[in-house]
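Visitor: Kindly produce the complete structure, drawing on both the sequences and the hints.
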Amino acid sequence: MAEVVLKDLKKIYPSQDGKRRKHQKGASGEKTTNLQITDEGVVAVQQFNIEIKDKEFIVLVGPSGCGKSTTLRMIAGLEDISCGELYIDGKLMNDVPPKDRDIAMVFQSYALYPHMTVYDNMAFSLRMRKVPDEGKEGRTRKLTEMEINEKVMQAAEILGITEYLSRKPKALSGGQRQRVAIGRAIVRSPKVFLMDEPLSNLDAKLRNQMRAELIKLRERVDGTFVYVTHDQTEAMTLGDRIVIMKDGFIQQVGTPQEVFDHPTNLFVAGFIGVPQMNFFDAELKRRDGVCVVAVAKMDIAVPADMAEELRAVPTGPVTLGIRPEHISLCDADAPNAITGRVDVSEMMGSSVHVHATVDGKDVVMVLRTLDIAEEFHGSFKSGMDISFTFNFSSVHLFDRQTGKALIGNRILEPSKSGPIGKS
Amino acid sequence: MIASHGTRLREKHKKMAMTLAFAVICLIYIMPVALVLLNSFKANAYVNTETFKLPTSESFVGFRNYIKGMTFGNYPFLKAAFYSFVITVASSALVLLCTSMAAWYISRVGSAFCKMVYYLCVFSMVVPFQMVMFTLAKTADTLNLNTPWTIPVIYLGFGAGLSVFMFCGFVKSIPVEIEEAAMIDGCNPLQTFFKVVLPIMKPTYISVGILEVMWIWNDYLLPYLVLDRTKYMTIPILIQYLKGSYGTVDLGATMALILLTILPVIIVYIFCQKYIIKGVAAGAVKG
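Protein chains in written order, with the working numbering: chain A, 1 to 423; chain B, 1 to 287.
Since the hints were derived computationally from the structure, they do not count as laboratory data.
Even for Gly, the Cβ is constructed at its ideal location relative to N, Cα and C.
Please note that the accuracy of each hint is not assured.
[To be verified] With the C-beta cut set under 8 Å, the calculated list includes, among others, these residues of chain B facing chain A: (1) E180; (2) M183; (3) I184; (4) C187; (5) V196; (6) I200.
[To be verified] Cβ pair distances, simulated, as ranges: (7) B:M116 to A:V344: 54 to 64 Å; (8) A:G383 to B:K172: 54 to 64 Å; (9) B:N188 to A:S189: 14 to 24 Å; (10) B:W149 to A:P114: 30 to 40 Å; (11) A:T233 to B:N188: 38 to 48 Å; (12) A:P63 to B:P128: 52 to 62 Å; (13) B:T142 to A:P14: 40 to 50 Å; (14) B:S4 to A:V274: 49 to 59 Å; (15) A:D120 to B:I277: 23 to 33 Å; (16) B:N188 to A:M347: 50 to 60 Å; (17) A:P114 to B:M116: 29 to 39 Å; (18) B:K115 to A:S189: 41 to 51 Å.
[Stated by the list, open to error] Each computed DSS-like pair below joins lysine-lysine, with the alpha-carbon atoms no more than 30 Å apart: (19) A:K170 to B:K274; (20) B:K195 to A:K99; (21) A:K191 to B:K195; (22) B:K195 to A:K168; (23) A:K168 to A:K130; (24) A:K151 to B:K195; (25) B:K172 to A:K168.
Guide: Written out as structure tokens, the structure reads:
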């Protein structure tokens, strides 16, 4: 069992600046930058509560400086925990040194020992370790070279690095070094694997390849994974659950599909999904008991299931979000049609990404090639008029002030983009 | 085309002039050592009168000066060489071990205290030995540091400045993730240092070690002031005592012993010069 529980975890970096800034602002604990600065210092992570199940692959994702690596380092024991509790396998780990937490870590820069061969890099932790001595109760012993060799060869075979065992890290490519770093982690069979942006130093092609390898590896290796990345594609493809962070706070925790379909706030909605969700300033109105959203000079009646959720929400300004895949082309005179002008289009093969301007606002649409008339398969010409409509059952509404989602529980329908060029 | 030919010619003349200038500077540097070498094969009388001439059939005495230097007086040359060797090796080892560990701590902890210690070490390089030599001699006497077995402690104090400076420069270039990986792999801080950090710092150890060896082996003043000369002498001190009756000095034998003293250092430098240059440059750039 390797359940990891983080209870109200907080990390403060002491700073002399903290006190000076607070006195300058005059308010107590007031946010002066994205990260909270208090008397004690800069708060990098706060109110971090999560229970990671045994053998779960959890991904911490967010922009740079959001606290994801700090959280990972607190789990590893490389950073002190300012406040809160960390449990691994039911045991409190706050004051336990890293070597006694039964964890393994893969660093962004691989952190291989440059003076050792690949074999020695992988064997190093096994040589430092002591195991219970079967013959003598209560006593421990070091692993024999034969036992170490068996474990190293097993891990090397899983990762396909047996032919590199006698080489030093400087004689390896980036991808090979990354495999060795992963091999060094799995050879110990730890309870928890911690990975701090392990693929970020690789080129795009190798990154895709290694991502697939990590998915396969996960099936072969027994353990709980905590993976940190800033790349939402990695988060969506690898994680059983994703933890989206911003400015030291958790924004949302959920499966990839949950965070994609039901983002809890504007930040999550804009962070997850490529291309990014389109946002429009809108207004929620009620007319003769019917819930209406006024957007892009139109009043669009809200579907019944959405209206039910919006019953308790007061009228007023809102932000409407619509994913590029949920926008359909239509004729200019179709109901609820919005007309814009094409800026740029990108032919992606199975789809076309069209960037258009509507009332000075940029809108991105992802249109399936199958749904577009043949004459537009090359590209949409810059400057041409384009009419589209929202698939309103896939629309997201957010409070304009707080950014929180106003609707969250409905089932989204797949997008339907109509062919253009039809009268 | 004419312009580029002219430019090439000017570049050629410039290179020739630079080569000539540096050749002259090299000769000026090598001259003292060459003079010592030449005069070590001359009879005493000719060292004074024909200092700058090559040995002739009259002046050349072969290795007689070397044998005389090594056997002259009451104090055996080999004993002095032994003490020089012991002091050099022990002091260098102590300096390397202690200053590398100190530099690692200073670079990684980075507290205000560490910064103060670092600047004190740098400042100690500025303080001339002559300012502290009298009080040092007295203190060494009081604390019984006046033997070849205990003088390494004093060399540690004087050698720490430059060594800490050079090691700090190199430690900063070692990614801290390597040490964090070692901590996760099961190392305590001492194991992290000896199993991971020290092997990575090998080039710097060689560079600093060579500089320390060169300094301590050739040092005259500190052993002269601190050691009990009735019992302990190093080679540089022994050379000074090459006095005959009526206080005359056999210059030929003196030159021979000087050459014997500097020969090991020259040999070490020839084989290890790339590490010296690398180490000094690394310390200068990163420190």
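Visitor: Going through the numbered hints above, which ones does this structure break? Give me the numbers in ascending order.
Guide: none
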